[in-house]
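Enquirer: The listed protein sequences derive, respectively, from chains A and B.
Counting from 1 along the first sequence, just add 3 to a position and that's the residue number in the numbering used here.
Counting from 1 along the second sequence, just add 3 to a position and that's the residue number in the numbering used here.
In short, the hints are calculated from the structure, not lab data.
Keep in mind that a hint or two might mislead.
Said to hold, decoys possible - When the alpha-carbon atoms are kept at most 25 Å apart in a straight line, the in silico PhoX-like pairs for lysine-lysine are as follows: (1) B:Lys35 <-> A:Lys63; (2) B:Lys155 <-> A:Lys63; (3) A:Lys28 <-> B:Lys91; (4) B:Lys28 <-> A:Lys57; (5) B:Lys63 <-> A:Lys57; (6) B:Lys91 <-> A:Lys35; (7) B:Lys91 <-> B:Lys63; (8) A:Lys155 <-> A:Lys91; (9) A:Lys28 <-> A:Lys63; (10) B:Lys35 <-> B:Lys91; (11) A:Lys35 <-> B:Lys35; (12) A:Lys35 <-> B:Lys28.
Protein chains: 2
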Amino acid sequence: MNFNPTGNSSSPIAPVARLMAELHKLPGIGPKNAQRLTYHLVSVSNEEALALAKAIQFMKEQTILCSECMNITDRDPCSICSDQGRDKSCICVVEEPLDVLALEHSRAYHGLYHVLHGAISPGNGIGPDELRIRELLVRLEVSEKSYLIGHKIQEIVLATNPNLEGEATAMYLHRILSPWDIRVTHLARGLTTGGELQYTDETTLVRSFQGRQEF
Amino acid sequence: MNFNPTGNSSSPIAPVARLMAELHKLPGIGPKNAQRLTYHLVSVSNEEALALAKAIQFMKEQTILCSECMNITDRDPCSICSDQGRDKSCICVVEEPLDVLALEHSRAYHGLYHVLHGAISPGNGIGPDELRIRELLVRLEVSEKSYLIGHKIQEIVLATNPNLEGEATAMYLHRILSPWDIRVTHLARGLTTGGELQYTDETTLVRSFQGRQEF
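Build the full structure now, drawing on both the sequences and the hints.
Expert: Have a look at this one:
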């Protein structure tokens with residue numbers, strides 16, 4: 004096997020170059036960073052380096068998508084969907100699994116979730132069909148036919164990101180959910196705790212005025 | 004198997020948490036970054052994620068240290084040590100394999116190398132015995148006995164990093180190499196190309212005066 008076909012000693016040997024290329028594919032890992040991480044893995048013990056390889060393998064073997072909420076899970080339905088203590092009349096729609104973690108961490112919400120796995124972004128070729136929207140509609144249809152008290156979905160909270168793609172996704176969902184007899188809400192926009200008025204962008208200021216509340 | 008022993012939905016499931024922990028061990032990868040990388044690997048295809056795992060495994064299986072220069076290689080001796088076109092009378096001592104790549108890239112040097120795999124750093128518990136110094140002395144002993152013209156080592160260039168640890172390592176090597184009838188040099192210190200005089204540190208300015216040269 005010819006591992007260094009260029010015969011150029013200023014390029015790394017093939018097993019090193021291959022690992023560098025794979026690390027460089029990760030988001031936010033530039034070529035210099037990939038090189039540094041590679042040589043770190045070269046220098047640590049076999050055991051330590053293979054622990055990372057095995058963790059990747061284990062994660063891919065053990066994680067699936069919850070057939071109800073589409074969040075990543077190791078059992079179906081996931082721990083949130085199967086939790087009898089949660090409010091099953093409300094679904095919070097988020098873009099990514101990490102958003103579920105953040106909302107759970109805040110303890111602000113005790114209903115169910117639905118993970119879209121992205122946001123509408125025509126520039127990146129992501130339309131509604133690339134997201135888990137069909138699965139959300141199936142959940143609404145099933146709930147419609149349910150006779151179990153408290154299991155009928157009454158509210159959908161759109162909690163997509165407050166950016167262009169997230170807003171576009173929320174608008175789209177709001178439109179396709181309008182035929183349903185369901186309350187559709189979105190998270191409040193306003194000043195962030197700890198922020199400063201003078202550094203707050205205009206759109207946020209406008210929205211915090213529009214949404215002002217009585218003491 | 005209980006993958007989520009806390010039963011807390013704000014902590015990630017076990018296979019995800021394990022991968023996060025492994026990625027967090029890498030240098031420069033903080034907890035937030037480890038989380039982001041993990042969820043990236045969750046979202047990509049099995050094939051794509053396992054390519055990284057396999058690249059780590061392949062690198063660990065295929066790379067060894069060259070028995071002569073201690074650089075990482077996939078064959079022993081490495082392509083540099085076995086290159087008949089290189090000047091075998093000179094050894095450039097560097098801290099890490101990445102330093103060899105950088106020097107090879109510059110095409111400034113055509114002799115052999117010796118990789119120490121670190122620098123003396125008492126604060127981190129790294130003394131001379133933790134470095135590949137013994138192996139360097141063995142090379143000198145072998146060369147001493149060699150009758151092959153041009154294979155006798157005549158110069159050692161100390162190319163450790165120009166920082167505290169690198170300087171300490173160079174000083175130490177200079178001392179233990181003094182009994183040998185070998186020229187011991189170090190790389191020049193001075194202004195960096197493209198730099199500005201007013202932003203150059205004092206030590207570098209002093210050294211660039213000391214090392215000033217005729218046109």
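Enquirer: Find the hints from earlier in the document that the structure breaks and name them by number, from lowest to highest.
Expert: 2, 3, 6, 7, 10
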